[in-house]
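> Now for the letters of each chain:
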Amino acid sequence: DTGVSQNPRHKITKRGQNVTFRCDPISEHNRLYWYRQTLGQGPEFLTYFQNEAQLEKSRLLSDRFSAERPKGSFSTLEIQRTEQGDSAMYLCASSPRDSWDDETQYFGPGTRLLVL
Amino acid sequence: AQRVTQPEKLLSVFKGAPVELKCNYSYSGSPELFWYVQYSRQRLQLLLRHISRESIKGFTADLNKGETSFHLKKPFAQEEDSAMYYCAIGGSNDYKLSFGAGTTVTVRA
Chain U
614 DTGVSQNPRH KITKRGQNVT FRCDPISEHN RLYWYRQTLG QGPEFLTYFQ NEAQLEKSRL
674 LSDRFSAERP KGSFSTLEIQ RTEQGDSAMY LCASSPRDSW DDETQYFGPG TRLLVL
Chain G
29 AQRVTQPEKL LSVFKGAPVE LKCNYSYSGS PELFWYVQYS RQRLQLLLRH ISRESIKGFT
89 ADLNKGETSF HLKKPFAQEE DSAMYYCAIG GSNDYKLSFG AGTTVTVRA
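Listed in order, the protein sequences are those of chains U and G. Note that the working numbering gives residue 695 to position 82 of the first sequence, counting from 1, and the numbers run on in steps of one. Note that the working numbering gives residue 38 to position 10 of the second sequence, counting from 1, and the numbers run on in steps of one.
The hints are simulated quantities; they were obtained by calculation from the structure and are not laboratory data. Yeah, the Cβ is synthetic: ideal placement off N, Cα and C, and Gly gets one too. Be aware that a few hints might be false.
[Said to hold, decoys possible] Simulated DEER-style distance windows between Cβ atoms:
1. T689/U / A137/G: 39 to 47 Å
2. K670/U / I84/G: 27 to 35 Å
3. K85/G / G616/U: 17 to 25 Å
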């Protein structure tokens, strides 16, 4: 297991198109998180899952965004009708437990999205 | 709402000099504080967290609830410490993290 993986690593799309990103967490990690990072800022929380249940969504996640984690394994983040403001790095993280005793979040390399 | 402020965007120090990265937070409750680091061309990774009270790679951070600060310190900076450092806060009832804007540290020979 080489850690959290994300695909694709880069995506260029035209405004108005739909895009989908995939995240494969470390196996047996039951929590999975999505963050967005824009230039000069730290990561901003978007949503997270415990197993297959989506427990929280940020107000940043407009109705054009949808995330799923079927079967509690990999997750997908879809953006519909992309806008130039969606251009960012999308980060996925996973963690093994549901307490702070071992709540290290392991991050993937990110998917960089550019909307033209 | 939880908020993290890192007042320094850039920090440049000479090798062997002390380095301190400032982090202030606001949170109504019992926060969990973290420092994450991102080295060039690598992914974001945990450096240390206050709950474990460890010293990692010579770095320490003390949680000061009175001043709502969690500054990161290292007495003797090394060139390999050059990286982007993010302070992050988590809540006691949820596990999402709120990050500061980050501080870029450059250690010069």
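> Which of the stated hints cannot be reconciled with the structure, identified by number in ascending sequence?
none
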